Every structure is written in structure tokens, then in C-alpha cells.
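Dock chain E against the given chain S, drawing on the hints supplied.
2 protein chains.
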Amino acid sequence: MRKIAIDAMGGEKAPEAIVEAVLKAKAELKEDKFIFFGDESKLRQLLPEADEQIEIVPTTEVILDEDEPVKAMRTKKDSSMVVAANWVKEGKADALLSLGNTGALLTCGIFIIGRIKGVARPGLMPTMPVESSDDGFNIIDVGANASSKPEYLLQWAEMAAYYAEKVRGVAKPRVALLNNGAEYDKGDDLHKEVYQMLKESSLNFTGNIEGHELLQGKADVVVTDGFTGNAVLKSIEGTASVIIHMLKDGLMNNGVKAKLGALLAKDALKSVASRFDTAKYGGAVLLGLNSPVVKQHGRSDARAVYYAVKQIDKILAEDLVGTFKSEFAK
Amino acid sequence: MRKIAIDAMGGEKAPEAIVEAVLKAKAELKEDKFIFFGDESKLRQLLPEADEQIEIVPTTEVILDEDEPVKAMRTKKDSSMVVAANWVKEGKADALLSLGNTGALLTCGIFIIGRIKGVARPGLMPTMPVESSDDGFNIIDVGANASSKPEYLLQWAEMAAYYAEKVRGVAKPRVALLNNGAEYDKGDDLHKEVYQMLKESSLNFTGNIEGHELLQGKADVVVTDGFTGNAVLKSIEGTASVIIHMLKDGLMNNGVKAKLGALLAKDALKSVASRFDTAKYGGAVLLGLNSPVVKQHGRSDARAVYYAVKQIDKILAEDLVGTFKSEFAK
Numbered sequence: 299m300r301k302i303a304i305d306a307m308g309g310e311k312a313p314e315a316i317v318e319a320v321l322k323a324k325a326e327l328k329e330d331k332f333i334f335f336g337d338e339s340k341l342r343q344l345l346p347e348a349d350e351q352i353e354i355v356p357t358t359e360v361i362l363d364e365d366e367p368v369k370a371m372r373t374k375k376d377s378s379m380v381v382a383a384n385w386v387k388e389g390k391a392d393a394l395l396s397l398g399n400t401g402a403l404l405t406c407g408i409f410i411i412g413r414i415k416g417v418a419r420p421g422l423m424p425t426m427p428v429e430s431s432d433d434g435f436n437i438i439d440v441g442a443n444a445s446s447k448p449e450y451l452l453q454w455a456e457m458a459a460y461y462a463e464k465v466r467g468v469a470k471p472r473v474a475l476l477n478n479g480a481e482y483d484k485g486d487d488l489h490k491e492v493y494q495m496l497k498e499s500s501l502n503f504t505g506n507i508e509g510h511e512l513l514q515g516k517a518d519v520v521v522t523d524g525f526t527g528n529a530v531l532k533s534i535e536g537t538a539s540v541i542i543h544m545l546k547d548g549l550m551n552n553g554v555k556a557k558l559g560a561l562l563a564k565d566a567l568k569s570v571a572s573r574f575d576t577a578k579y580g581g582a583v584l585l586g587l588n589s590p591v592v593k594q595h596g597r598s599d600a601r602a603v604y605y606a607v608k609q610i611d612k613i614l615a616e617d618l619v620g621t622f623k624s625e626f627a628k
Numbered sequence: 299m300r301k302i303a304i305d306a307m308g309g310e311k312a313p314e315a316i317v318e319a320v321l322k323a324k325a326e327l328k329e330d331k332f333i334f335f336g337d338e339s340k341l342r343q344l345l346p347e348a349d350e351q352i353e354i355v356p357t358t359e360v361i362l363d364e365d366e367p368v369k370a371m372r373t374k375k376d377s378s379m380v381v382a383a384n385w386v387k388e389g390k391a392d393a394l395l396s397l398g399n400t401g402a403l404l405t406c407g408i409f410i411i412g413r414i415k416g417v418a419r420p421g422l423m424p425t426m427p428v429e430s431s432d433d434g435f436n437i438i439d440v441g442a443n444a445s446s447k448p449e450y451l452l453q454w455a456e457m458a459a460y461y462a463e464k465v466r467g468v469a470k471p472r473v474a475l476l477n478n479g480a481e482y483d484k485g486d487d488l489h490k491e492v493y494q495m496l497k498e499s500s501l502n503f504t505g506n507i508e509g510h511e512l513l514q515g516k517a518d519v520v521v522t523d524g525f526t527g528n529a530v531l532k533s534i535e536g537t538a539s540v541i542i543h544m545l546k547d548g549l550m551n552n553g554v555k556a557k558l559g560a561l562l563a564k565d566a567l568k569s570v571a572s573r574f575d576t577a578k579y580g581g582a583v584l585l586g587l588n589s590p591v592v593k594q595h596g597r598s599d600a601r602a603v604y605y606a607v608k609q610i611d612k613i614l615a616e617d618l619v620g621t622f623k624s625e626f627a628k
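If you read the protein sequences in the order shown, they are chains S and E. Residue numbering for the first sequence follows this note's numbering, beginning at 299 and increasing consecutively. Residue numbering for the second sequence follows this note's numbering, beginning at 299 and increasing consecutively.
No wet-lab data here; the hints were simulated from the structure. All values derive from a computational prediction rather than experimental measurement. Don't take every hint at face value.
Heads up, the list lumps identical chains together, so a pair's fine if it works in one copy or across two of them.
Keeping only pairs whose Cα atoms sit at most 16 Å apart, straight-line, the calculated EDC-like set for lysine to aspartate or glutamate is [what the hints assert, rightly or not]:
| no. | residue 1 | residue 2 |
| --- | --- | --- |
| 1 | K484 | E366 |
| 2 | K447 | E491 |
| 3 | K374 | D487 |
| 4 | K484 | D365 |
| 5 | K369 | D483 |
Looking at chain S on its own, in the form it has when it is part of the complex (with noise of 0.2 Å):
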């Protein structure tokens, strides 16, 4: 039975969205157990009494998004995520599932559960949505690695290769490095030896791309410094978000015209938030690391966990870090 962690105090809507996501996807996960570390009152309140697929562990502390990542995993020891990435380093769960501080589940995925033999350090990686399909591109690294050296990079490409074929489904994915142009040597340094040592790779390795093409859908990986893939990915969801946040409010306090116009156009503009959904991609995965860490957005509710859970499985059945472990240790 594949046993995977979840924090069940993170994010926004816990425990509840939580509990209610796994109750969801249990159901269709029969190999899978879900062990949550939390509230005990609480999580017994929403969990049924007796199931076999089922474990609280109980915890007293949170770590809440406020607190110094390295301070908190130091010092909240009790806290659920620490606990549950303990369970994960002994071997009593094989992957963790958190909506909590994203550098706490960093640290405590590199400094707990730690990294594979070979892999000098781990990438987080979202999918993200393209404009005109539903297939999405992974993104690696977003942040994880404020500095970046090229052999990092070259390593995060060819991890979230493997997780695009294995884990999406994609056939020879396309890597492009994300560069200040298309032309080889274009960039500093670094991204011109990474260009190097991409094209001489075994990758399906595509060139470079550029800031503008990344939601155009031309390439299925697009590997990066943690830095700018930071500021990228934080610049693309900003946008997104001030660009629908004005247009609902353009629709909304416009008279009747536009209100009525926004009842008639609704299926239209649902399409085009629908395209851009990434619940239904699952959560960012730290990769890189001895056992699976996917991490949600805070503000994700029940259906953007249920898709989280889906993918640690498909993770775990596919057993992703053994083949890492085998690849890396050569």
C-alpha cells in the first residue's frame, strides 16, 4: 500500500477542503492510505470512525505562512509538517502532501527528507496552462534555489522530462531553456553553457524561449535559474489575476448594459478562466528529493487538493525518485 503524508493544517482551508479532497479521492485510490497529521479533535470530527485506508497522527503546533521557514522547522517541532516529514524519512510514508509555507516545506523537504544521492538540488515545478490546450508545461526551478549553477539546471531538465512523460502523459517532451532571446548564445553565462549542455544532452531539447512564448505552448518543460523562474512565475500569475480581477470588476460596476452583457457572455469568459485552472494540474513538486513533496497553493480548495492527491499516486506508481535514484547515482 502506498502511504502518503498529508499536512492536514496548511493553507487556508484546512482541515476541511482537506479532509473533504481526500474522502474524495480515497474512493477511487484503493492502494493508496492517507496518514493525517494535525488536530486530533478536529480531524476526527470530519474523518469516519473505522477505515483502513485512513491514520491520524496527532499534532499539537502549525506553522503558519508568517513564520521564518528555517526558525519554524527548528522550532515547531510538534508542528504537522514537521511530524509528517519525519514519518517520511523514516520510511513510514513515501511522499508528503502540504498547502502550508512554502519555504518551510522546502526546508523541511531538503533538511528532513533530503535530497537523492547525485542530485545537487532539488527544483520546484508547477504545471502550468498554455493558451490552447489543456496540456500545460512544467516550470523548474520556480524558486527553490535563489542561486543557480548550470549542472542544477541541466538535472532539473531532465527530472521534469521524466515527469512530464510519466506523470502528463507527454511523449518526447519538449525542452526549451527560458533565455533573453532565441539565438544560442544568447544570455549570461550561465544560461549560455546550459544551452551547451542541453543541446549535447539525450533531451528533446528545443532551443530557447522567451518570457512572451512561455503560455503559447511550445514547449512541454522549460527549465530555469530558481531566480528569474521566481519572478517569472510570480509576474504570469499577477497578471492573470489583476487582468480578471479589473474585468470582473469592469463588468460588475458598469451599469446594467454591462452586467447584463457579462450574464450573456458568462459561458464564454468561463472558458478562457477555465483554461487558465491549474487546479486540475495538481500541486508544485520539489523534485530532486528521497520521497515525493508536492506543495499547494494556500488558497486551494477541495478540488485542487483532490488533484494534488491524484498526482502524488500517479508519482508513487510510477515510482519517479527510485528511478531517479538509480539514474543520478551512476
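Showing chain E alone in chain S's frame:
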């Protein structure tokens, strides 16, 4: 009289839209003279016979968007861009406006017009929109430099803050550093060091800003290394363009109901589009050169070029370059 060199051959709508814009601006800018560089017969057809505010300098070549910048500057010696840059260098014109190849314009700016003594590197600075007002914000550098050093960023911040104050009329511009987190110790070594330099400077430094906050109007000037700035600018533009395109598509191709809805909501949709209309801010300025160089999007229409001409007039009227020269020579 202020003399503005106009590369009349760059951009998708050259030279018609450029001439149209200058003729409109000319009526308001009686102290300016406009020197057009380009195809003589085309320009003669579009321009009035005798006008002391206008001069034509015939050139026979055009630098194309697909041309390699350094090679283009060296080989297309009679191109509108290169000849215009030489006029500025020789003091026969005071500023340069082009809608052509960005890389070539940067190259001509740096190698022909030259850096101000004491400025380590010029930075490219557009004005971007914000969600809640028409003020916008400046971001520097968006790609003139693939590699950046701390001292470059400090100088860019100083020049951009001065621009925001004098040209855009922002009192005590709030200067922020694009980084991967809010706290002072975030980022790689470069950004940590720049944080301290900005903190110790006389600028109104408000701390770090993250990608998702850029369009929220939290800063008047955002300083960033040229690699990240390039990726972020293109990501914002790409995301806005994809969403607006999908929206139009959704409204036009979802039957009569959606079309009618779009018609009714037209004004509301237009108000969103107008907030994201960056034409009113003019073009991107290459700050740190011996004379002002402004780059307009290649797809700009006459309206956008008109604003860029007014922007250059203001930069010259406020003698930005003169101030920078005396400031950085210290």
C-alpha cells in the same frame, strides 16, 4: 531649438505612422525640430514641402528585425538607424527615436552615441501600467544587459527615480527591488548586495517587490538585473496578450448570445484595455547614454509614436542627460 532624430524606417507601420505622429506632435512642440532619416522619395510624399521644423536626411538602407545587431550596425552604414545615431553623436541632433530592431538600437546607442562618463552600463527602461491608476511604474533594466553587477542596479535606480520625478511628475518616487521574497535577506548575492546599497542611498527605497505585486502600483520605480527584467517584462506582456486574445476569441466564437454580451459589455471591456494601454507612457528609454535614445514597440501606431515624441521633448526640456552627466562625473 531641440533637434530630435527620427529613424523613419523602423517598425511595422513605417514611415507613414511615424510621419503622421510627428506632424501631430509638431504643432504642439514649437521649440522642436524633427529630422527624419529614411527613404527620401517616400518621406517627400508624406511631408509638407517647406517647414522649418522638419528636415529629411536621405538614407538607403534599413536594419530589419531579423538582422544580427552588431553586424547590422557595422555593415548597414547607410541605414536610417545608424545615420541617425551618427547625427546624434556628432551633435547635429539631440535625441533619437526608433521603432526598429531593439538589439541594433541598443548597439548603436552604446557604441555610436556612447555612455555617460561615470555610468557603468546603460539600462533599458519602459513605463508599465498599474491596476489602480494611470500613473504606471518604471522598470529598469529590461534587457540591455544579460549580466548585471550591484553598482549597475544602483545607478539605474538613481536615473529611473530622476526620470519618474522629472518626466512623469512623481514626487519622491518609491523605489523597490525586484526580488524573490519580501525580507531584506532574500535573493542571490547580487540582490542582497543591491538591497543594502539602495537602503544606504538617498533614494526613497521601499524594500523588495515580488513579481505578482508589480502591477499593483506598490512602487514607482522597480530596479532589476537585465536578465530577470527581460523575462518578467516579456512574461507580463505575453500573459496579458494571451488572456485578452482568448477573451476576444471566446466572445466572438461562442454564438450570438456571447456576441451580444460582448456588445453590451463593450465599454467595460474597453476600460480594462485602456488601463493596459502603455502607448500613453511613450517608449522605453535607454538611460545612461550621452543623449536620450527612445525605443518604441515595432507594432506601434501613430498615437503611440506621438506620445514617444512628447516624451523625448520632455526629457530634453528637463535636461535629464545634463543632470546625469554632472551627477555621475563626481
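Right, here's what the structure says about each hint:
no., hint, in the structure
1, K484 to E366, "between (37 Å within a copy, 12 Å between copies)"
2, K447 to E491, "within (10 Å within a copy, 19 Å between copies)"
3, K374 to D487, "neither (41 Å within a copy, 29 Å between copies)"
4, K484 to D365, "between (39 Å within a copy, 15 Å between copies)"
5, K369 to D483, "between (42 Å within a copy, 14 Å between copies)"
Comparing the model with each numbered hint stated earlier shows that hint 3 is the single one that does not hold.
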